[in-house]
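Trainee: Here are the chains, one letter per residue:
There are 2 protein chains.
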Amino acid sequence: MAEDMTLFWGSGSPPCWRVMIALEEKKLQGYQQKLLSFEKMEHKSKEVMELNPRGQLPAFKHGNNIVNESYAACLYLESQFKSQGPQLIPDSPEEQAMVYQRMFEAQTLQQKLSDVIYYTWRVPEAERLESALKRNKEALTAELQLWEQYLQKMEAGSYLAGKSFSMADVVAFPVVAYAVRFGLSQDRYPQLGLYYSLVKERPSVKASWPPHWLQNPQGMDTLKDL
Amino acid sequence: MAEDMTLFWGSGSPPCWRVMIALEEKKLQGYQQKLLSFEKMEHKSKEVMELNPRGQLPAFKHGNNIVNESYAACLYLESQFKSQGPQLIPDSPEEQAMVYQRMFEAQTLQQKLSDVIYYTWRVPEAERLESALKRNKEALTAELQLWEQYLQKMEAGSYLAGKSFSMADVVAFPVVAYAVRFGLSQDRYPQLGLYYSLVKERPSVKASWPPHWLQNPQGMDTLKDL
Chain A
1 MAEDMTLFWG
11 SGSPPCWRVM
21 IALEEKKLQG
31 YQQKLLSFEK
41 MEHKSKEVME
51 LNPRGQLPAF
61 KHGNNIVNES
71 YAACLYLESQ
81 FKSQGPQLIP
91 DSPEEQAMVY
101 QRMFEAQTLQ
111 QKLSDVIYYT
121 WRVPEAERLE
131 SALKRNKEAL
141 TAELQLWEQY
151 LQKMEAGSYL
161 AGKSFSMADV
171 VAFPVVAYAV
181 RFGLSQDRYP
191 QLGLYYSLVK
201 ERPSVKASWP
211 PHWLQNPQGM
221 DTLKDL
Chain B
1 MAEDMTLFWG
11 SGSPPCWRVM
21 IALEEKKLQG
31 YQQKLLSFEK
41 MEHKSKEVME
51 LNPRGQLPAF
61 KHGNNIVNES
71 YAACLYLESQ
81 FKSQGPQLIP
91 DSPEEQAMVY
101 QRMFEAQTLQ
111 QKLSDVIYYT
121 WRVPEAERLE
131 SALKRNKEAL
141 TAELQLWEQY
151 LQKMEAGSYL
161 AGKSFSMADV
171 VAFPVVAYAV
181 RFGLSQDRYP
191 QLGLYYSLVK
201 ERPSVKASWP
211 PHWLQNPQGM
221 DTLKDL
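Going down the list, the sequences are from chains A and B. The numbering of the first sequence is our numbering, which starts it at 1 and goes up by one. The numbering of the second sequence is our numbering, which starts it at 1 and goes up by one.
Misleading hints may appear alongside valid ones.
Where chains are identical, the list cannot tell them apart; a pair therefore holds if satisfied intra-copy or between any two copies.
Said to hold, decoys possible - In silico DSS-like pairs for lysine-lysine, Cα to Cα no more than 30 Å straight-line:
1) 44 x 153
2) 34 x 163
3) 163 x 134
4) 82 x 27
These are computed hints drawn from the structure, not numbers from a lab. Note that the structure is predicted; figures quoted are calculated from it, not measured.
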């Protein structure tokens, strides 16, 4: 089946990475793929725009079915290949509720992280304000503390939604790893640090680790004061 | 089953409304519910915070399972009550891909709409800039035009993801209705206008129509120039 799939992706992008983790978990290695450069604006290239009129990565196709939104692609892959690889969305109501809940809370974490990391990229220079960036940092700090509390309440060695690796981890781990890459203190956020250490060793995650992070292991310090 | 469910909600909030539409579609009338006032800050009340530490609405519980994120609640309800009411996420790969894709694109529509409608509410007065609001309006205009194109390519009378009403409509319709409520021109966005007219008559939508919109049918003109 995987030869029927095509993924255009960018290195380090959490939305791209989560689709790649889902593909690995679902044993769908061997898909067609092309690594594109955001710096060279290749996400606006004709081949991407034909799949994704938003000009965003990932752009993903299975046969003739186009599923570019990363959450959409992850849910589609789990649904279509439910019995292949581990089940990422449990059937039991209790577990399923938790997986869905944390999956979508991860979008807020991603948003608040982006509001800080991409502030200077998104806001034209003439409009940048220390007060706005400070507020974004405070919102991200509160968000990170909420996740610390969530993890604190779980048994040691748990994943985000319970004892098993789930779709909550597929979508959220790239965001956590991104925060670490941008300098999140694992001393001040020890639960997130432990979670990061646990999941980074997972084969699906290692197999899809951003190549430019491997080449340049040194990250940024954007979040060091948080 | 529905007596085991509790929903705290606010009138007109698209995230609340989509959960209510999903409950109606899944024939889960009779759930416990409480209408709260955002103006009175009741979403920060103790009863909400106990369910949802974010202090946001909706706050939703089924038995002991808490699913507050609106997309999470919708997916949970469809999964747990798949054969009750219409199937909102089709099994066929082609149809399913489209439903998931449009579901998650609707989040971008909601975000860009919020960036305009809530601009003065979110940005402190001293930081407000005409240039920033103008950019947000341009981004929303481009987004609305994209949805016009999507609908244009569908057969007349279609829903967002095909001939059948689906989860894409459950999550997106409240956002479209919100845009109309805030003055979106149905002359300049005729496809969205037709879509709005089609779906607003659906029983699940009528049954959950925001009560304060019924009391005050006159909306705002925030988007009139878009």
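Trainee: What are the numbers of the hints the structure violates, in ascending order?
Mentor: 2 and 3
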